[in-house]
Amino acid sequence: MNIVVLVKQVPDTYSERKLRSSDGLLDRDATDAVLDEINERAVEAALQLKEANDGSAVTVLTMGPDRATDAIRKALSMGADKAVHLTDEALAGTDAVGTAKALTTAIGTVGRVDLVIAGNEASDGRGGAMAAMVADLLGLPALTHAREISVEGSVVKVRRETDDGVTHLSAELPAVVSVSEKINEPRYPSFKGIMAAKKKPVATLSLADAGVDPAVVGLANALSTVTSASPKPPKSAGEKVTDEGDGGAKIAAFLVAQKLI
Amino acid sequence: MAEVLVLVDHLDGEIKKATYELLTAARALGEPSAVVVGAVGTAGKLAEGLTAHGAEKIYVAETDSSDFLTPEVSVLASLVEGNSPAAVLIGVSADGKEIAGRLAVRTNSAWLNDVVAVTAGCVTHSVFGGAFTAEAKARTEHPVITMRPGSVEIEAAAGAGTEETIEVPAPAGRSATVTSRKPTTGGDRPELTEASVVVSGGRGVGSAEDFHVVEGLADSLGAAVGASRAAVDSGYYPHQFQVGQTGKTVSPQLYIALGISGAIQHRAGMQTSKTIVAVNKDPEAPIFEIADFGVVGDLFMVTPQLKDEIVERDG
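Protein chains in written order, with our numbering: chain A, 1 to 261; chain B, 262 to 576.
Read the hints as simulated data drawn from the structure, not as lab findings.
Since we're looking at a predicted model, the values are computed, not measured.
One or more of the hints may lead you astray.
Stated by the list, open to error - In the DSS-like style, the derived pairs of lysine-lysine whose C-alpha atoms are separated by at most 30 Å in a straight line are:
{"#": "1", "chain 1": "B", "residue 1": "K318", "chain 2": "A", "residue 2": "K18"}
{"#": "2", "chain 1": "B", "residue 1": "K509", "chain 2": "A", "residue 2": "K157"}
{"#": "3", "chain 1": "A", "residue 1": "K250", "chain 2": "B", "residue 2": "K542"}
{"#": "4", "chain 1": "B", "residue 1": "K318", "chain 2": "B", "residue 2": "K398"}
{"#": "5", "chain 1": "A", "residue 1": "K259", "chain 2": "B", "residue 2": "K568"}
{"#": "6", "chain 1": "B", "residue 1": "K542", "chain 2": "B", "residue 2": "K509"}
{"#": "7", "chain 1": "B", "residue 1": "K277", "chain 2": "B", "residue 2": "K509"}
{"#": "8", "chain 1": "B", "residue 1": "K443", "chain 2": "A", "residue 2": "K157"}
{"#": "9", "chain 1": "A", "residue 1": "K232", "chain 2": "B", "residue 2": "K318"}
What the hints assert, rightly or not - Now the stretches of chain A that chain B is said to cover, found in silico as 3 or more residues with beta-carbon under 8 Å:
{"#": "10", "segment": "92 to 101"}
{"#": "11", "segment": "130 to 144"}
{"#": "12", "segment": "162 to 168"}
{"#": "13", "segment": "215 to 227"}
{"#": "14", "segment": "247 to 258"}
Virtual Cβ for every residue (Gly too), placed ideally from N, Cα, C.
Looking at chain B on its own, in the form it has when it is part of the complex (with noise of 0.2 Å):
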């Protein structure tokens, strides 16, 4: 069977749970290769997770350089010369794309991005927040696939987890130097794109100091909190949080949102939400056109009763 290479996502010896999403996935195409690209030392943190979700060879480059991403784009490279595999999984993140863009420049292999799901020979994008669904294939050989975190159901599977060293090829090109490096640490919210509740507000929340209104409700529910592009533009909540066609696209359990009229500027990210909840005070405002149940009414009358509802519920 053919090999699939995984780029692995870690951070401080932790397994990022989008390559666990990829090794399943890859399964579909092939034998799942993880390739670990970290400091010395990294490897040996990572191989009994690998392992346990199907990984039948784990390639161990460790590097102390601190040329930026470039070792990676140079070990997958060697690795897709080496071996031709059927193809590379790297998960969707600014880091993951900007590795596999340059991969396929340098490969000369189709890249396919943004992927909700895998079969050989297919892939499927959901485009435009989910309002079109694209099909593509690949015309070359190992394309390089960029799949959307929580686009798969994780499950276990025993693999081999043969280790192999490699060397980190010498870098083709001059390299940009990392000299300091700070990871975001996670806040007491879910991550808004893996979250399963997501509550967002918009231009109706009036200010950056009521937007607690919107926290506190997200908070009862154990949710992310978003916000519409108006909201961000006003200065009422910071930009990582926007959803919309020029923010970040969720698909939730449940989206509930508040003083959001819902132009096609949000819509577009979030409308594939599997249930949308909706309060506003215009009852003509075009979140009611894809709202499952909405509210016509002041926000700030009905989220207190809501959250106070809920509270109440888990008491």
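Next up, chain A with everything else stripped away, as it sits in the complex (with noise of 0.2 Å):
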């Protein structure tokens, strides 16, 4: 079975994230750029099949600035068998549309594949989206969400769960699954991996190179534009008080005061 991991470098969620004035994008300079924890869980679940899979090759592609080559790295370690890095100063400030779009072409480079695994939704964008719109440009089924993924023969099953419930889902190969946060605890590299990591070939990409039509990319071929952004004025403290055995009654008043209780 040939699986494509589709992976994304984002700014780490434990620093303080902004946009920046000057277009409204994302400020990715501003923070550490880390490989977005639910593409771990997504290498896992690429490698848990191929396990399982005799025969199987795991190849992760990413889109993204040069940097994007350490989430590469990270994935490569944890056991991937090679990578496809879609990079090109053209691609900044592209869409999701047009990201789609370069994504499913770059797909287009890998071979026969049988199954695309993403993650379910990106900490920094936050779509949520990207696995079913690249199902839709490939005309392959989206298996979202998934909390569990089985390969039987051709046909991969799912256990979809989002907040609005659980739902089963089954398609013939090839197919796109997404997965969620609770499917798997990604493994960590051992140090074998990490030196493995370093022979194995990466194929770095210029939109040339992979064949996606320029017009579809970058920040001037977007389809909306962010006309502003601005920070929120900080919110400030208010009154802070020592419990002196009297802090819930405290706090109760406060609520009164303001007409909340």
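Dock chain one against chain two, each of which comes alone in its own frame, and use the hints as you go.
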């Protein structure tokens, strides 16, 4: 089975994230960049399927600036076999629709693909639809928010869990799956894995190398535009008291004064 | 006036509140047309509510197909191509965002996601848990706009509610098949993102068992229960209740933080709450920087006393 895992480097959610006032886009230089946690789970899911199906290969695919190689290395050190890094200055500012188109074209460079696995929602954009958008462009079934995945023969089955409930989905391969936070606990790269990752092939592709139409990507071709972005004035601290056995009563008095109870 | 498509979110013959919010918001852009996609016999139960909230037209696409979300995408795509509406409005949810993203790639439309307000030609986003406000506009016709539930005050308005039956187009590609479905049944507490009061516990709660202190206060206030990432990661409370940068964003009238230090990870999910009350042992905890009222103390001493005061007042 040939599996492609879509990964993304995102600002660390333990740091404070900012929008650039100049163009309203995410300021990626203001924060540390890490492999998005949900992607580690996607890689783990792919590795588990690989281990259960002899002769499988896992390819990691990312789109992003040069420093996204760190995210690729992390995935390779976990055990993925090879990587494709779509990187081009012309990609900066690409919107979700353009990203879906570029990723779809890049998936085409990998060869025969049975399964595409992605995280259900990146922690920066929070779009939560990239896997489904790529599936739609590929004409493939989208099995999203998977808490469990199983592949039997040519059929993939997923237990989909969202806030709205549980749905069981099934589809013939090839297909696209997105995984939820609950699917697994990703493995830590071993020392051996980290050393081996350095020798694994990484194909670095420009738009032209991958055959991505430059008219669908970049800020200038985004289908929407941010007209203004401004930080909200920070909330200021109110009253602070030390509990002297009456802390609960003091909160109650505050809530009464605010007409909240 | 231009037509605005509103995808109706419904379950067991009931219209979700978010749909009424969309029908209200749609009136700022044009004439709302409700789009009902569902099993045969669905639309009859929904027509009255949609008409009472301003739907001029109701497109009815009933199908017993078990294709997963593809019928919704195909129906909306054919209406976009045939009618060129001013916009398509969909509620933010796992399904809603997936339908919206697919519709945007299929119709080459701008997708404006997680919008909190719409006017003709402009939408407002609240980003990073309200730390930033951004305005954006579409560069294409018929933008797909997903709106965050709870951002619009519902206003009833009589619409014509003219029903029009439409065929579900044949799927463009292959689709996943739904083999079974079990919707979440609401518990006794309000939905976290919709609640007007939220009581959250953090690492300071110390254990899963002790979370009943948080729940007890929440129940005395009719509040939803939330948890910080530290509490969730420690296994004290389930992940779906996590408030913060990697969890839910809430903006209630009152947010009570118990044993939560207030790292940016958490603040990003609750800092737009109208009033914030915090209880923490550590006087230096960053949560106090944004709290309207803070108590430095042991949550296990303060919380039961607060609960008793509230119960007594209700008494």
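The hints, checked one at a time:
Between B/K318 and A/K18 the CA atoms are separated by roughly 42 Å; this puts the pair beyond 30 Å, and the hint is violated. For the suggested pair B/K509 and A/K157, the alpha carbons sit about 28 Å apart, so the restraint of at most 30 Å is met. For the hint pairing A/K250 with B/K542, the CA-to-CA distance comes to about 16 Å; that is within 30 Å, so the pair holds. As the CA atoms of B/K318 and B/K398 are separated by approximately 26 Å, the hinted pair is consistent with the 30 Å bound.
About 16 Å separates the Cα atoms of A/K259 and B/K568, which keeps this hinted pair within 30 Å; it holds. With a C-alpha separation of about 25 Å, the suggested pair B/K542 and B/K509 falls inside the 30 Å cut-off, and the hint holds. Taken as a hint, the B/K277 and B/K509 pair is honoured in the structure, with Cα atoms around 19 Å apart against an allowance of 30 Å. Restraint check for B/K443 and A/K157: the C-alpha separation of about 16 Å stays at or below 30 Å, so the hint holds.
For the hint linking A/K232 to B/K318, the alpha-carbon distance of about 39 Å lies beyond 30 Å, and the restraint is violated. Counting residues of the segment 92 to 101 of chain A whose C-beta sits closer than 8 Å to any C-beta of chain B gives 5, which meets the bar of three, so the coverage hint holds. Residues of the segment 130 to 144 of chain A with a Cβ under 8 Å from some Cβ of chain B number 13, which satisfies the need for three, so the listed coverage holds. Counting residues of the segment 162 to 168 of chain A whose CB lies closer than 8 Å to any CB of chain B gives 7, which reaches the minimum of 3, so the coverage claim holds.
Coverage of a stretch by a chain is defined here by at least three residues with a beta carbon nearer than 8 Å to that chain's beta carbons; for the segment 215 to 227 of chain A and chain B the count is 6, and the condition holds. With 10 residues bearing a CB less than 8 Å from a CB of chain B, the segment 247 to 258 of chain A meets the requirement of three and the coverage assertion stands.
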